[in-house]
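Here is how the chains run, residue by residue.
There are 2 protein chains.
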Amino acid sequence: MGDLNFDHPLQSNYSPVESLLDPMEFRRQAQMMVDFIADYYENIEKYSVVSQVQPGYLKPLLPKSAPYYPEPIETILKDVQHYIVPGLTHWQNPNYFAYFPSSGSIAGFLGEMLATGFNIVGFNWMSSPAATELESIVMDWLGEILCLPKSFLFSGNGGGVLQGTTCEAILCTLVAARDQMLSRIGKENIGKLVVYCSDQTHSAFQKASLIAGIHPNNFRVIKTTSSTSFALSPRSLRSTICSDIQQGLVPAYLCATVGTTSTTAVDPLGPLCDVTKDYGIWVHVDAAYAGSICICPEFRHFIDGVEGANSFSFSAHKWFFTTLDCCCLWVKDPSALIKALSTNPEYLRNKATDSKQVVDYKDWQIALSRRFRAMKLWLVLRSYGVEKLRNILRSHVEMAKLFEELIATDKRFEIVVPRNFALVCFRVSPSAISEGKTIPSSELLGDNKYINDINKKLLESINASGRSYMTHTVIDGMFVLRCAIGATLTEEPHIIMASEVVKQHADAILNMSTLMIYMGRVD
Amino acid sequence: MGDLNFDHPLQSNYSPVESLLDPMEFRRQAQMMVDFIADYYENIEKYSVVSQVQPGYLKPLLPKSAPYYPEPIETILKDVQHYIVPGLTHWQNPNYFAYFPSSGSIAGFLGEMLATGFNIVGFNWMSSPAATELESIVMDWLGEILCLPKSFLFSGNGGGVLQGTTCEAILCTLVAARDQMLSRIGKENIGKLVVYCSDQTHSAFQKASLIAGIHPNNFRVIKTTSSTSFALSPRSLRSTICSDIQQGLVPAYLCATVGTTSTTAVDPLGPLCDVTKDYGIWVHVDAAYAGSICICPEFRHFIDGVEGANSFSFSAHKWFFTTLDCCCLWVKDPSALIKALSTNPEYLRNKATDSKQVVDYKDWQIALSRRFRAMKLWLVLRSYGVEKLRNILRSHVEMAKLFEELIATDKRFEIVVPRNFALVCFRVSPSAISEGKTIPSSELLGDNKYINDINKKLLESINASGRSYMTHTVIDGMFVLRCAIGATLTEEPHIIMASEVVKQHADAILNMSTLMIYMGRVD
Numbered sequence: 001m002g003d004l005n006f007d008h009p010l011q012s013n014y015s016p017v018e019s020l021l022d023p024m025e026f027r028r029q030a031q032m033m034v035d036f037i038a039d040y041y042e043n044i045e046k047y048s049v050v051s052q053v054q055p056g057y058l059k060p061l062l063p064k065s066a067p068y069y070p071e072p073i074e075t076i077l078k079d080v081q082h083y084i085v086p087g088l089t090h091w092q093n094p095n096y097f098a099y100f101p102s103s104g105s106i107a108g109f110l111g112e113m114l115a116t117g118f119n120i121v122g123f124n125w126m127s128s129p130a131a132t133e134l135e136s137i138v139m140d141w142l143g144e145i146l147c148l149p150k151s152f153l154f155s156g157n158g159g160g161v162l163q164g165t166t167c168e169a170i171l172c173t174l175v176a177a178r179d180q181m182l183s184r185i186g187k188e189n190i191g192k193l194v195v196y197c198s199d200q201t202h203s204a205f206q207k208a209s210l211i212a213g214i215h216p217n218n219f220r221v222i223k224t225t226s227s228t229s230f231a232l233s234p235r236s237l238r239s240t241i242c243s244d245i246q247q248g249l250v251p252a253y254l255c256a257t258v259g260t261t262s263t264t265a266v267d268p269l270g271p272l273c274d275v276t277k278d279y280g281i282w283v284h285v286d287a288a289y290a291g292s293i294c295i296c297p298e299f300r301h302f303i304d305g306v307e308g309a310n311s312f313s314f315s316a317h318k319w320f321f322t323t324l325d326c327c328c329l330w331v332k333d334p335s336a337l338i339k340a341l342s343t344n345p346e347y348l349r350n351k352a353t354d355s356k357q358v359v360d361y362k363d364w365q366i367a368l369s370r371r372f373r374a375m376k377l378w379l380v381l382r383s384y385g386v387e388k389l390r391n392i393l394r395s396h397v398e399m400a401k402l403f404e405e406l407i408a409t410d411k412r413f414e415i416v417v418p419r420n421f422a423l424v425c426f427r428v429s430p431s432a433i434s435e436g437k438t439i440p441s442s443e444l445l446g447d448n449k450y451i452n453d454i455n456k457k458l459l460e461s462i463n464a465s466g467r468s469y470m471t472h473t474v475i476d477g478m479f480v481l482r483c484a485i486g487a488t489l490t491e492e493p494h495i496i497m498a499s500e501v502v503k504q505h506a507d508a509i510l511n512m513s514t515l516m517i518y519m520g521r522v523d
Numbered sequence: 001m002g003d004l005n006f007d008h009p010l011q012s013n014y015s016p017v018e019s020l021l022d023p024m025e026f027r028r029q030a031q032m033m034v035d036f037i038a039d040y041y042e043n044i045e046k047y048s049v050v051s052q053v054q055p056g057y058l059k060p061l062l063p064k065s066a067p068y069y070p071e072p073i074e075t076i077l078k079d080v081q082h083y084i085v086p087g088l089t090h091w092q093n094p095n096y097f098a099y100f101p102s103s104g105s106i107a108g109f110l111g112e113m114l115a116t117g118f119n120i121v122g123f124n125w126m127s128s129p130a131a132t133e134l135e136s137i138v139m140d141w142l143g144e145i146l147c148l149p150k151s152f153l154f155s156g157n158g159g160g161v162l163q164g165t166t167c168e169a170i171l172c173t174l175v176a177a178r179d180q181m182l183s184r185i186g187k188e189n190i191g192k193l194v195v196y197c198s199d200q201t202h203s204a205f206q207k208a209s210l211i212a213g214i215h216p217n218n219f220r221v222i223k224t225t226s227s228t229s230f231a232l233s234p235r236s237l238r239s240t241i242c243s244d245i246q247q248g249l250v251p252a253y254l255c256a257t258v259g260t261t262s263t264t265a266v267d268p269l270g271p272l273c274d275v276t277k278d279y280g281i282w283v284h285v286d287a288a289y290a291g292s293i294c295i296c297p298e299f300r301h302f303i304d305g306v307e308g309a310n311s312f313s314f315s316a317h318k319w320f321f322t323t324l325d326c327c328c329l330w331v332k333d334p335s336a337l338i339k340a341l342s343t344n345p346e347y348l349r350n351k352a353t354d355s356k357q358v359v360d361y362k363d364w365q366i367a368l369s370r371r372f373r374a375m376k377l378w379l380v381l382r383s384y385g386v387e388k389l390r391n392i393l394r395s396h397v398e399m400a401k402l403f404e405e406l407i408a409t410d411k412r413f414e415i416v417v418p419r420n421f422a423l424v425c426f427r428v429s430p431s432a433i434s435e436g437k438t439i440p441s442s443e444l445l446g447d448n449k450y451i452n453d454i455n456k457k458l459l460e461s462i463n464a465s466g467r468s469y470m471t472h473t474v475i476d477g478m479f480v481l482r483c484a485i486g487a488t489l490t491e492e493p494h495i496i497m498a499s500e501v502v503k504q505h506a507d508a509i510l511n512m513s514t515l516m517i518y519m520g521r522v523d
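Sequence order for the protein chains is A and B. Per UniProt numbering, the very first residue in the first sequence carries number 1; after that it's consecutive. Per UniProt numbering, the very first residue in the second sequence carries number 1; after that it's consecutive.
Treat the hints as calculated values from the structure; they're not laboratory data. Keep in mind that the hints are not guaranteed to be accurate.
[Stated by the list, open to error] Quick list of in silico lysine-lysine cross-link-like pairs, BS3-like style, CA-CA up to 27 Å:
#1 B:K456 / B:K150
#2 A:K187 / B:K192
#3 A:K192 / A:K332
#4 A:K339 / A:K351
#5 A:K192 / B:K411
#6 A:K192 / B:K187
#7 B:K456 / A:K59
#8 B:K351 / A:K59
#9 A:K150 / A:K388
#10 A:K59 / B:K388
#11 B:K277 / B:K332
#12 A:K456 / B:K277
#13 A:K64 / B:K356
#14 A:K223 / B:K456
#15 B:K332 / A:K187
#16 B:K64 / B:K46
#17 A:K64 / B:K150
#18 A:K351 / B:K339
#19 A:K64 / B:K64
#20 A:K503 / B:K351
#21 B:K192 / A:K150
#22 A:K457 / B:K351
#23 A:K192 / B:K78
#24 A:K59 / B:K150
#25 B:K277 / B:K192
#26 A:K78 / B:K388
#27 B:K456 / A:K356
#28 B:K150 / A:K46
#29 A:K388 / B:K59
#30 A:K46 / A:K187
#31 A:K388 / B:K46
#32 A:K351 / B:K187
#33 A:K351 / B:K46
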């Protein structure tokens with residue numbers, strides 16, 4: 001490793017293909033890559049789930065500069081295997097339970113191949129009509145599967161668009177809401193606009209607010225408590241809004257969440273919209289993670305009340321098998337987006353746009369250029385069908401239930417919040433430490449520090465084993481382990497193993513901490 | 001066509017695969033897709049370059065809703081061929097000369113396959129160290145090939161990041177510049193910030209300014225003229241800045257362009273930066289299209305003066321064979337980006353980040369989630385090498401020269417602006433119409449309308465033929481045809497054919513217009 005020398009380029013004896021898109025050569029190399037990736041999936045469980053490399057590992061392994069002459073794909077693939085794969089955290093590994101899933105699928109992969117193969121730039125209808133039309137059709141299909149109100153669909157004068165990520169979906173709708181409000185009160189009053197969320201809302205919203213020029217003092221983070229399972233309280237929202245209005249500020253936007261990142265808490269959409277409608281506040285529903293499962297009738301109630309919102313998004317690349325990136329955004333009033341985001345330079349003018357008979361998606365998003373993302377979503381819907389997609393998502397929830405059960409029946413652990421979907425939040429409970437130990441329980445329980453340290457060590461130890469990867473959150477002062485089930489390859493045996501990994505590492509950590517306690521070294 | 005019926009789902013006899021990522025099934029379906037795309041490239045010249053479908057063509061061809069049961073890939077691929085391909089504008093067709101190229105390559109395609117196969121979400125170092133480290137390394141490689149000043153590279157305390165598009169690169173740097181300035185003058189003064197560009201700057205900058213909350217009245221568009229070949233004049237810039245300062249406004253950001261979209265004009269970076277440095281204005285250099293060719297020593301002078309700028313971007317998906325999307329952005333002061341764009345929620349905290357030994361690219365961009373784009377850029381650099389990449393780009397310039405020559409030697413046409421790179425801007429010249437016609441030349445030349453209509457008809461007629469696709473711009477009141485060479489499959493015979501297509505259609509249009517003139521129907 002690291003013995004390649006590109007610093008003094010010599011003519012390679014590799015004969016470069018004539019064209020960079022020669023179909024024969026394309027066939028040969030792409031089939032080699034198919035095998036490489038299929039082999040990767042076949043062997044994926046052999047890799048440490050979380051990469052164990054140290055910062056800066058790669059630089060000494062690669063040449064100091066780009067090669068002067070072409071290199072054959074065979075050499076490059078060897079380097080991918082030797083240098084890149086060890087530096088990957090394997091999100092497709094069935095033992096991956098960190099953050100939220102990034103769930104790939106064959107259909108998602110094929111759709112990405114097609115989009116990359118065509119390599120069209122679908123900024124407006126004209127630039128490739130199929131890209132725009134397929135996107136509009138598929139977004140209506142998906143909206144219907146989710147039982148979104150017709151007002152969010154093209155068939156009901158709303159409409160859907162594929163963004164890259166939730167961050168972009170939030171930013172676009174926030175800018176639309178901002179400009180809608182400023183058109184009433186004057187652009188110079190941007191400093192008066194206030195936006196709302198809970199302390200559980202994703203950081204993407206804070207970032208979007210900063211980007212959109214909302215004054216940082218006007219970013220309201222409303223505290224949630226365990227009494228509402230960390231959902232945003234409509235009453236707290238109303239009192240915050242009222243206090244802002246009294247100060248001469250102008251409420252503009254609420255970001256509500258269905259399935260928060262920390263614990264998958266669900267904000268009560270109906271009651272929240274009942275509050276906001278009195279003030280003309282734009283409500284965006286961020287269901288990035290949990291939106292997917294709302295295609296199952298028995299989960300649909302989690303987005304009840306969405307009819308009162310202005311926009312709704314979920315990320316098909318998270319838990320809908322559509323590969324990164326693919327965030328589905330629906331809005332009731334596309335014209336608000338278009339007013340805020342459209343540009344019309346001469347070099348993009350065309351008859352179709354002038355006719356106003358077509359959708360030009362460049363006016364629904366930040367960027368001009370856009371990939372043909374509808375292709376992969378269409379392939380996922382068609383390859384698997386609604387029934388199978390529902391059943392797979394249900395199987396993830398069932399596996400989460402199983403994991404929860406396996407953990408909960410071990411008295412050393414506690415489940416920290418009620419499980420809504422396929423995320424289990426748990427920790428070693430204080431009682432597992434205090435039971436029969438010399439440490440006074442007040443010291444253990446006082447500020448969570450000691451018990452948090454134990455749980456932190458447990459998580460580090462699990463992840464260092466390479467057998468499972470979980471992440472954490474802090475909620476109500478508690479350090480909590482998150483086990484998010486949803487990787488495409490995960491099956492029941494992986495769940496059972498994950499619970500065993502947790503227990504084994506807890507054994508070691510708890511024995512060690514007991515020892516430390518007896519030795520009087522508690523910190 | 002259109003005879004599929006999904007409205008009454010019946011159990012299909014297609015047996016769904018057990019896992020959505022089963023390696024055997026992955027191999028089978030992905031190889032089928034490789035063949036599909038290779039066949040597409042083999043046959044690409046048979047398709048009309050620009051799609052000839054009418055708005056709304058697709059809806060009647062597809063089922064009203066998503067299927068309930070799985071469908072086999074064979075059926076889906078048939079539908080792609082029958083329903084989608086006719087609705088594509090074929091950006092990879094060698095007869096594609098519209099907008100700017102979206103140049104694919106085998107290496108770019110393979111890199112995308114790998115990124116999609118791994119499907120990691122590289123928001124921070126921890127989430128997949130290889131993704132971050134490869135990106136930093138490749139951006140230094142590429143920066144060196146471009147002879148960017150060391151201050152833009154990680155090795156010189158600057159750094160590079162892969163964004164999706166130029167729009168995002170501009171927005172991120174604008175927000176960094178905005179916040180840097182507001183930290184001096186107070187957040188409440190956002191309404192005082194002024195941003196600058198020329199009337200040739202891409203509309204992405206206007207959009208970014210609106211998104212970032214710059215007051216629309218403070219968006220300065222400085223007029224260019226043919227006397228400077230539509231480059232921004234440093235003198236005009238200075239006088240605009242001075243007038244703003246006199247009015248108590250605060251100049252914050254200049255977007256300079258190397259290779260404008262209309263005509264590939266080049267703003268003089270050195271002299272512009274000499275102006276801006278007196279006022280602490282952030283200068284971004286947008287070389288989205290032309291940046292690529294600056295890897296050739298003989299073209300490098302077009303970005304001379306970049307050392308005075310704060311940031312520089314070019315889009316590798318345009319004319320660097322890296323498939324959409326992949327915009328390379330370098331900044332001298334990453335901390336300005338990070339200050340403006342970082343968030344640090346608990347659920348993303350980790351030891352590597354806390355150690356400050358790593359790059360967390362989430363803080364260099366709008367979104368949190370990010371694809372492993374470095375993979376395809378790395379594959380392009382390694383598969384082709386610097387020499388071959390230079391030679392291919394040079395061959396595009398040579399082909400543009402040839403096209404220019406073929407058009408210019410036909411006296412009916414004129415080349416409208418000097419050609420800098422591989423874009424030729426031309427039109428039927430007024431003299432081609434006025435020569436020996438009954439129309440008084442004052443009427444023809446007075447306001448360009450008549451001659452513009454002729455050129456517009458010419459372009460429509462070329463594109464309707466399906467044999468070539470070009471687009472237009474309007475410059476100095478003139479409707480101009482743009483022929484942008486750079487599609488990967490384009491070779492000399494395509495250029496010769498394109499010039500013949502232009503001439504044949506000009507024959508028809510000019511004969512027709514002569515007839516109309518003789519008949520006294522000139523409008």
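Hints and how they fare:
Proximity of B:K456 to B:K150 is assessed by CA-CA distance (about 46 Å); at most 27 Å being required, the pair is judged violated. Pair hint A:K187 plus B:K192 holds up; C-alpha atoms about 12 Å apart against a cutoff of 27 Å. Restraint check for A:K192 and A:K332: satisfied, since their Cα atoms lie roughly 25 Å apart, inside the 27 Å limit. About 20 Å separates the Cα atoms of A:K339 and A:K351, which keeps this hinted pair within 27 Å; it holds.
For a cut-off of 27 Å, the pair hint linking A:K192 to B:K411 is broken: about 61 Å separates their Cα positions. With a C-alpha separation of about 12 Å, the suggested pairing of A:K192 with B:K187 holds against the 27 Å cut-off. Annotation: proposed proximity of B:K456 to A:K59 is violated, straight-line Cα distance about 53 Å (limit 27 Å). Using a Cα cut-off of 27 Å, the hinted pair B:K351 and A:K59 holds, with the two alpha carbons roughly 20 Å apart.
Restraint check for A:K150 and A:K388: the C-alpha separation of about 24 Å stays at or below 27 Å, so the hint holds. A C-alpha spacing of about 25 Å is found between A:K59 and B:K388, which places the hinted pair at or below 27 Å, so the restraint holds. Taking the CA atoms of B:K277 and B:K332, the gap is about 14 Å. The hint holds against a cut of 27 Å. Note on A:K456 and B:K277: the hinted pairing is violated, with a Cα-Cα distance of about 49 Å set against a maximum of 27 Å.
Annotation: proposed proximity of A:K64 to B:K356 holds, straight-line Cα distance about 24 Å (limit 27 Å). A threshold of 27 Å between alpha carbons decides the hint, and for A:K223 with B:K456 the separation of about 60 Å lies outside it, so the pair is violated. Of the pairs offered as hints, the one joining B:K332 and A:K187 is violated, with about 32 Å between alpha carbons and a cut-off of 27 Å exceeded. For the suggested pair B:K64 and B:K46, the alpha carbons sit about 31 Å apart, so the restraint of at most 27 Å is broken.
A C-alpha spacing of about 14 Å is found between A:K64 and B:K150, which places the hinted pair at or below 27 Å, so the restraint holds. Between A:K351 and B:K339 the CA atoms are separated by roughly 44 Å; this puts the pair beyond 27 Å, and the hint is violated. Note on A:K64 and B:K64: the hinted pairing is violated, with a Cα-Cα distance of about 55 Å set against a maximum of 27 Å. For the suggested pair A:K503 and B:K351, the alpha carbons sit about 23 Å apart, so the restraint of at most 27 Å is met.
Straight-line distance between C-alpha atoms of B:K192 and A:K150 comes to about 42 Å, which puts the hinted pair past the 27 Å bound. At most 27 Å may separate the alpha-carbon atoms for a hinted pair to count; A:K457 and B:K351 meet this at roughly 12 Å. Among the hinted pairs, A:K192 with B:K78 is inconsistent with the structure: their alpha-carbon atoms are about 55 Å apart, more than 27 Å. Using a Cα cut-off of 27 Å, the hinted pair A:K59 and B:K150 holds, with the two alpha carbons roughly 17 Å apart.
Between the alpha carbons of B:K277 and B:K192 the distance comes to roughly 19 Å, so the proposed pair stays at or under 27 Å and holds. For the proposed pair A:K78 and B:K388, the alpha carbon gap of about 22 Å is at most 27 Å, so the pair holds. With a CA separation close to 20 Å, the supplied pair B:K456 and A:K356 stays within the 27 Å bound. Taking the CA atoms of B:K150 and A:K46, the gap is about 41 Å. The hint is violated against a cut of 27 Å.
Of the pairs offered as hints, the one joining A:K388 and B:K59 holds, with about 25 Å between alpha carbons and a cut-off of 27 Å not exceeded. Of the supplied pair hints, the one linking A:K46 and A:K187 is violated, its CA atoms being roughly 57 Å apart against a limit of 27 Å. Using a Cα cut-off of 27 Å, the hinted pair A:K388 and B:K46 is violated, with the two alpha carbons roughly 38 Å apart. Using a Cα cut-off of 27 Å, the hinted pair A:K351 and B:K187 is violated, with the two alpha carbons roughly 43 Å apart.
As the CA atoms of A:K351 and B:K46 are separated by approximately 25 Å, the hinted pair is consistent with the 27 Å bound.
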